[in-house]
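Asker: Residue-level listing of the chains:
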Amino acid sequence: MAYGLVMTNNNNQVLVDSDVFGYHFIGKDTATTSWNHTYLEDLGGEDYWDSPNTISSNQTPGRVFEYKVKLPYSKPPMCFIKPTNTGSSARYCSVIRVWKYNSTYWKVWVLQSSNHGTGPTLYSFATMDQVVSASSDTYGLQTLNSDGDVTFDSRYLPLRVVGAASAKPPSKPNSGSVGSGTTPKLNVNATPRTYATAAWAPMSDQIFYCPSLASACYEYEVGRELSGIHNWSSYTWSRYDIWWCFYRSAFRITGTQSFQSNWAIYMAGHIWKAQVAGSFLGLGYLNGTPVVDAINYYPYSDAARNQGEYNNVVISRASYYD
Amino acid sequence: MTYGVRFYDSSGSVTYDSTSVTWNLIGVYTAPQNSNATFTGLKVMNERIVIRQMVSDDNDTDRAYVHTYSLSGSTLTATRPSSTQTQATTFQVFGR
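First to last, the protein sequences are chains A and B. Under this note's numbering, think of the first position of the first sequence as 1495, with each following residue one higher. Under this note's numbering, think of the first position of the second sequence as 3, with each following residue one higher.
FYI, nobody ran anything at the bench for these hints, they're computed from the structure. For glycine and all other residues, C-beta sits at the position ideal for the given N, C-alpha and C. A hint or two may mislead.
[Said to hold, decoys possible] Simulated coverage check for chain A against chain B, where a stretch passes if three residues somewhere in it have a Cβ under 8 Å from a Cβ of chain B:
1. 1504-1511
2. 1628-1641
3. 1651-1664
4. 1694-1707
5. 1747-1753
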């Protein structure tokens, strides 16, 4: 660096460097809409068994909240989550999808475990070359790089990080049996992973940034069959059910200096098909091979993806920007 | 605070102080869907971290693999785990 400004602390960590763009606060947003994602379908056939035809309480999906973040540039916003609660019983949440919606806005989806109706608040940041609003404040410090671009401006509330960690979810959302009889057991029962963040802020004031990378999908299938005589003819009744859950990794703040990673259910589904056949039709083709084209209903089965990938989490304080 | 620097706005509120150990953005890099990518010229700082985010508006995000990466010197290398199911991945590289 031939000229410019570099400011370091007593640990020789760079706080401000006029060569690099710092992140600055651009606003906070609440959700514009939300939904609980379930899928039910009766694939037809004549039922001998007429239940269960619902989403089970053992496959409880979370709620997806959608946000619109004003940022008319190509770099995605850095969206911190201010969770609705904290602690060892808190809901998990994470950013699960981000995309440029139009020339003015980005859309962001946040998944929150459980179907609680109130979603987190997003605190969004962008680099100085993407900050939209203009400040009229005449006090502060501004740095420029060699191209004359503003890289730091104290008037725009620079990002102040108070903690960081590196996190990944448990290897899978559930352990043990995924169901018995006509009862699936697909709710998350994994033990969360706990990480130290070294954050020095009250839990209720912490906001975190850690996009979800991992997904998982597990299913439970059961087939039933019964043979009998009706009107002097032999009949065979059968029914095949598939329950599934699709999961994403999610996080929560559990202490002033601790953070947990686990899974949350993004989508829950149940499909079924019944059949009654004449005496000489067997059931074999129903067993072992699902009667539905499962790929149309969930992306893959009985596996997880990216679950071994660590992502870094950074923590700041909401009160810096309220 | 016995040493360091603190910035105020005109109303006297602190907008930044050097006890807030922050991370600065070195750069944002996007590896395309289903492709490997190499990015050069990254600033070398005392500490660096990388945060990944899959960027997409379709359901492929839900089933996709994320790029793995290595960061060495001024080079960030992004590797696709799958040639058909790796989502476009944005890398935000921070340093301090």
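Asker: Mind listing which of the numbered hints don't hold for this structure, in increasing order?
Answerer: Hint 5 is the one this structure does not satisfy, whereas the remaining hints hold.
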